[in-house]
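Starting from the structure of chain A, add chain B where the hints point.
Same order as they appear, the protein sequences are chains A and B. Residue numbers for the first sequence follow the numbering used here, so the first one is 1 and each next one is one higher. Residue numbers for the second sequence follow the numbering used here, so the first one is 1 and each next one is one higher.
If you are wondering where the hints come from, they were derived from the structure by calculation, not from laboratory data. Take the hints with a grain of salt, since some may be wrong.
Only part of the chain A face toward chain B is listed, based on derived beta-carbon distances under 8 Å [said to hold, decoys possible]:
1) Gly234
2) Ser386
3) Phe391
4) Thr395
5) Pro398
6) Gln583
7) Thr586
The C-beta atom is built at its ideal place from N, Cα and C for all residues, glycine as well.
Here is what each chain is made of, one letter per residue.
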Amino acid sequence: MIAEIGQYVLIAAFVIAAVQSVVPLWGAARGDIGLMAVGGRAAIAQAAALLIAFAALTHGFVTSDFSLAVVFQNSHSLKPMLYKVSGVWGNHEGSMLLWVLVLALFSAAVAIFGRNLPPTLKARVLAIQAMIGVAFLAFIIFTSNPFARLSPAPPDGTGLNPLLQDPGLAFHPPLLYLGYVGFSMAFSFAIAALIEGRVDAAWGRWVRPWTLAAWTFLTGGIALGSWWAYYELGWGGWWFWDPVENASFIPWLFGTALLHSSIVVEKRDALKSWTILLAILTFSMSLLGTFLVRSGILTSVHAFATDPERGVFILAILAVAIGGALTLFAVRAPGMKGGGLFAPASREGALVANNMLLTVAAATVLLGTLYPLILEALSGGQTRVSVGPPFFNATFGPIMVPLVLLVAVGPLLAWKRGNLGAAAHKLIPAAIAAVATIVATFLAVPDGPALAPFAMGLAAWLGVGTLAEWSSRIRLFSSPPADALRRLSGLPRAASGMTLAHLGLAVMIVGITGSSAWRAELVTTLVPGETAEGAGYAVTLQAVTEGRGPNYSFERGTLLIPEDGAPVTTLITERRFFPVANQTTTEAGIHTTLLADLYGVIGERGRTPETANAWTVRFFVNPLVPWIWMGALLMSLGGLLSLSDRRHRVGAPRRAAGAATHTAPAAAE
Amino acid sequence: MKRKHRRLLVVAVSLGLLGAAAGLILNAVEDSLVFFYTPTDLAERATPPENRFRLGGLVEEGSVRTEGATTHFVVTDLNQAVPASYTGVLPDLFREGQGVVAEGTLGPDGRFTAREVLAKHDETYMPKEVADALRESGQWRDGDAAR
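Looking at chain A on its own, in the form it has when it is part of the complex (with noise of 0.2 Å):
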């Protein structure tokens, strides 16, 4: 019955995002204020809507409804309640359903919190936000109901893949949602904007605040995901340069881009069509993200079961939003004005050399992981090739390198025209720092790759850098601390959470060379009591106990790695059987220091007689991960505190001259 409920309201939300996607574009045309507030109300509704189909599905899996094919395929009466919730999107209809209900509540969230928007671009937005919605609701609806009955009803349920029960792994995907949707609002606002044939400050400051907030939540999301991996997959790896992760890093480099240019449009006037470019471009890369996990066309490290069929579906909505939204671009970007000239070394200058050197880094990532596919397709499916993490450190690294060193100098130029030899001067500190750190690294690792040392400088300087323009902002050492403490408490929030965000890349730099660079690793067989050394350490399996999990067994060996001067260090690692999916997953042990992280797996047992009583372990010392993770943390904060800046949410939000059309009705002034 509940289940019919969710299917009803699934088919009406669809029929009131078809009415969102027409009404309010008229009503915005024809200057028809009533039909123009349709959209909002329409945006409301259809969220509601999709709570409840979204409610719906979440009893069925909650109480295991195995009537309905998803709940019977993904789930089993005996599994924890978390990855029973969890479950529901732990699959392809219910992700879907998680999908469309993250873009309904961000098109809500506009007509709830756009007040202040004058009226015909909130109409246009909406609609533009209800056309996607239509396109993949129609997809939902007809290749992938999540309500799709069985009959006779099965006893139990299939399960939900082993490796997806996980706390780690039942948030990652809402955060990714809510970040690769999230950017739907740049690119609503960028189509509206172009329909409306004007882009000017304000319409920057309107963008700012949804972009930033979808780059937080992707910021988390790629960050737990990478996490989830690095302790679940038992590889002791965290980053593959895996077609999935790509999916999700492209949008990430994108909207970072976006992030900074609509700065630009909201300060300076300047850079417009470029924006609203990228904000296109940006959505277009979430869409063929989607695509990409959706249709299994890539064979990934991380694939599902997946059906091609389904992709097709995606490919078309792919082709016609990317393909319209460009059309349109090119009809009326043309006719943009951009204001505001600056000079080379200045804010904008400095941002507009972020701008280009992320989108080539964004356009590498995307040939790399599109690259097997043209080559299969040009050569008829006869040569299949992949592209590894090789061909992405050879390329995306070396762009890299010029990002962040400028990263520490462009918050240090003034818009228009800024002091080189003013800003020169405050990196000395930094550019100290980075000799220092070189060569400090160079003394206590010598032995380790020759670029390592220089990464660690990159950082430092990085770091140095970001805390010097943050100090010369509340004066630290020019004035007396009552002064700076002041001045610390009157700083704008964005700014703060700009200067967390790169104190973020600087500490995430450190993590990626550190445990790319000096990582050991030690694989052996050990019968339990036997000691093994490698990797700068003696590794002990002292025991492995046999025991039983709500529902799975395992096999829990437990790993005694004796340090100079320290207690000893015990590594707990399982690997369990579910014998509902008759799949085995591993359990890595680790032991964290803000220094290195000791990781351990116990592997099969032998398969001969002979070595019958003895596991394979594999130990890895990766050093410096933990500071992978944190600067993932800062850089999430960061965007939350730029968030919370009041200045996001009020001020500006009315037009500047000429736009008399534009009286709000219901104006928040």
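Chain B alone, transformed into the frame defined by chain A:
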């Protein structure tokens, strides 16, 4: 600085960057493309590949044996078979009769040394290349995969 000059500068810098990126890409593609072969592909080739490549097929039933941390197994597409070995902890889904994609090099003795064995997250999943290869060799019926 005039608008025209600024635009020229932006265009010049962009072109320079794109050129540099293209250079990096061409340089990287040369030695980081990893080709995919099935055991049949290998048997048909006149010269064995020298670089790293991916070998895909099924893990032959009864072929897995372990020797310390090293696992020996045979990759087959039910037409041809290649002996392979891997040192380390195998992915949890590595099993006899299941699809496998391994990346590594072929020795002069025709044995494949895997540096990496790709794990799939889902036991019903068949790597796309393996499915294609099995289809080509006529050993695959659509609908074999559970989904």
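Evaluation of the provided hints:
1. Gly234: Holds - the Cβ of Gly234 (chain A) comes within 8 Å of chain B, reaching about 7 Å at its closest.
2. Ser386: holds (5 Å)
3. Phe391: holds (4 Å)
4. Thr395: holds (5 Å)
5. Pro398: holds (6 Å)
6. Gln583: holds (5 Å)
7. Thr586: It holds, given that the least Cβ distance between Thr586 (chain A) and chain B is near 6 Å, below 8 Å.
The structure meets every hint from the earlier list without exception.
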